[in-house]
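Peer 1: These are the residues of each chain, in order.
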Amino acid sequence: MSLSFLFSQFMGGLTTAMFLFLIASGLSLVFGVMRVINFAHGSFYMLGAYLAWQVVAWVHPTGGEFWIAAICAALGVALLGAVTERLFFRWLYGREELYQLLFTYALVLILGDAAKFLWGTGQLSVSTPPVLAGGVPIFGTTQPLYTLFIIAIGPAIAFALWLALNRTGTGRMVRAAQMDREMLAALGANVSTIYTGMFALSAFLAGLSGALVTPIQSIVPGMDVLIIVQAFIVVVIGGMGSLWGTFWGSVIYGQVLSFGILIFPSFSLFSVFALMAVILIVRPWGLFGRPL
Amino acid sequence: MGPVRATAVTATVTAPVPPGRAAAAAPAEYRPVSSRIPWVLVVFVIMATVPWVGSRYDIFLAGQIVIDALFAVSLNLLLGTTGLVSFGHVAYFGVGAYVCGILMKTYDLPFSVAFPAAGLGAALFALISGFFCVRLIKLYFAMLTLAFSQIVWAIAYKWNDVTGGDQGLPEIPYPDLDWMSSIPGCADLSDGARFYLLTLVLVAVSLAVVQRIIRSPFGRVLTTIRDNPERAAFIGVNVRLYQLAAFVIAGGFAGLAGALYGIFSRGVFADYVFWSKSAEILIMTILGGAGYFWGPPVGAAALVWLNQMVTDYTQYWSFVLGAILLVLLFGFPGGIVGGIVLLWRRLKRLRDA
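If you read the sequences in order, they're chains A and B. For the first sequence, numbering that gives the first Met the number 0 assigns the number 0 to the initial residue and increments by one for each residue that follows. For the second sequence, numbering that gives the first Met the number 0 assigns the number 0 to the initial residue and increments by one for each residue that follows.
Bear in mind the hints are in silico, worked out from the structure with no lab data behind them. Where is the CB? At the ideal position from N, CA and C, for every residue including glycine. Treat the hints loosely; a few may be bogus.
Just so you have them, the derived chain A footprint on chain B, three or more residues with Cβ under 8 Å [said to hold, decoys possible]:
| no. | segment |
| --- | --- |
| 1 | 124-135 |
| 2 | 139-145 |
| 3 | 248-259 |
| 4 | 274-286 |
| 5 | 319-331 |
Listing some non-contacts, in silico: residues in chain B with all C-beta distances to chain A over 10 Å [stated by the list, open to error]:
| no. | residue |
| --- | --- |
| 6 | 51 |
| 7 | 172 |
| 8 | 179 |
| 9 | 265 |
| 10 | 311 |
| 11 | 344 |
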């Protein structure tokens, strides 16, 4: 096992990790503030991918307008998120977890079939944006530029979210809403708008990651239920509601999956679920979270 | 409107009427005709005639309803009776299906050994996983059950030598049912029809046992825990132990349902254990009414029948199911049986007034 092989394995794990971070950060954000576990987050991710494909197909058949497509997709999903929050989610805050889980599952069913209806059941794909089409030689391996871009964008978004939450007035409001919703409302803040905004932001992140994944993964029905379980694992490992926990949770997940394949080829899937179970048993609030 | 409805919802879900109380509360002198009919027996007899009056496809649907009914009732022992929201109940169904399938296909053991082994295997796995699960509350409990069910899925999907991996275990043999030929009327039935009858009897017995458990003093303690865990602990109940016991019993019966399903559908596949199946069985239970013993079987029948109706017209069954679920959650949290009971009470109040 040469060093360059281990390195490319590591980079593969890191790419998986950063994608998962983009998805799971939104899930974690919504859980942290509203205490809702959103199964439909995976559906938002899937819709982001389909929307990106759609915009590329409309704007430019050769796929040159990838960046516009990605932003449009993310904004479209954010809008959808805001609408669902206004229409449905607000009835669920503080209700029993069974209701929240089943309601978001109903959204998974509906959005999954809506995507099948609109885009069919075949595989769709988007070509890599020309700027990032090449590769870079590192340690005797060739790393695609697009992968490096994803590895860079993960920490960038993590840092941006951290800045927004900890260094802005709005962020302070959000953190206050996380701690005590009633008190914040009593002090005159518009909690309901904060909630809608947080939900839209979470959906935006899901849509963006869905759009960004299209150049390296084909878009298929069922990608929603596959990804949401992985995002759950990440959020559980890091700690539900913790931003940096989610970040490190995704890094751990990516590396366990990537190197687990080398050690136990057929049990790498098992190892990540086992990791999730162990964390829940030993530290239910995750590595970086706080007990509720 | 909003808050009022929300309170009503919580009331129906957290404190459903225990089975039997509604009937007991009715005045003793007045007993409507409907309450003198042994409904359970009537349904059992109707289901038992399916092999003679129905097509092969009808038998298939009826078998699905019967097996799903047991699966959903076992889940409801956790959800409705004990107040535990499991999002991974399919794990025990899957363990049962695989244990029975492997014993019968790979090791050529008879059904009379494989079937109890499936229940015991699932119960054992429920004991191990439940030991950890009952230590957690609410969302964490749901998440851990989900994690365990995905562990089962990952093993089933990848352990090719034993589970057949993504190919599954096709063509699990029917048990030897030649002895049924000596029963009058059964001589001409196909293996599938005979196995359906066996399934019906086994499920009926299982349901009777679960009902006995729920109505026993043990079951009463479980409902106490559901309604107020702190108080239950305060009067000296070992809450975790009781929850674990409920978890093991529910897992065991789910395993029996899985064993029957594997044979009935002629194969066990990793898809059976994927987490979305747990959600479907939860929907089934809620649709029928989690607060009532007969809610889940009604939900199973309704869902299988609806699926049948809808897929005749459109391939978008998930969409319809999602829409039904939305209506259910926001409009009829008591499910079908809850709705009927409510309607019945309204009618009675109208008549009394």
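Peer 1: If you check each hint against the structure, which ones fail?
Peer 2: Structure breaks hint 3 only.
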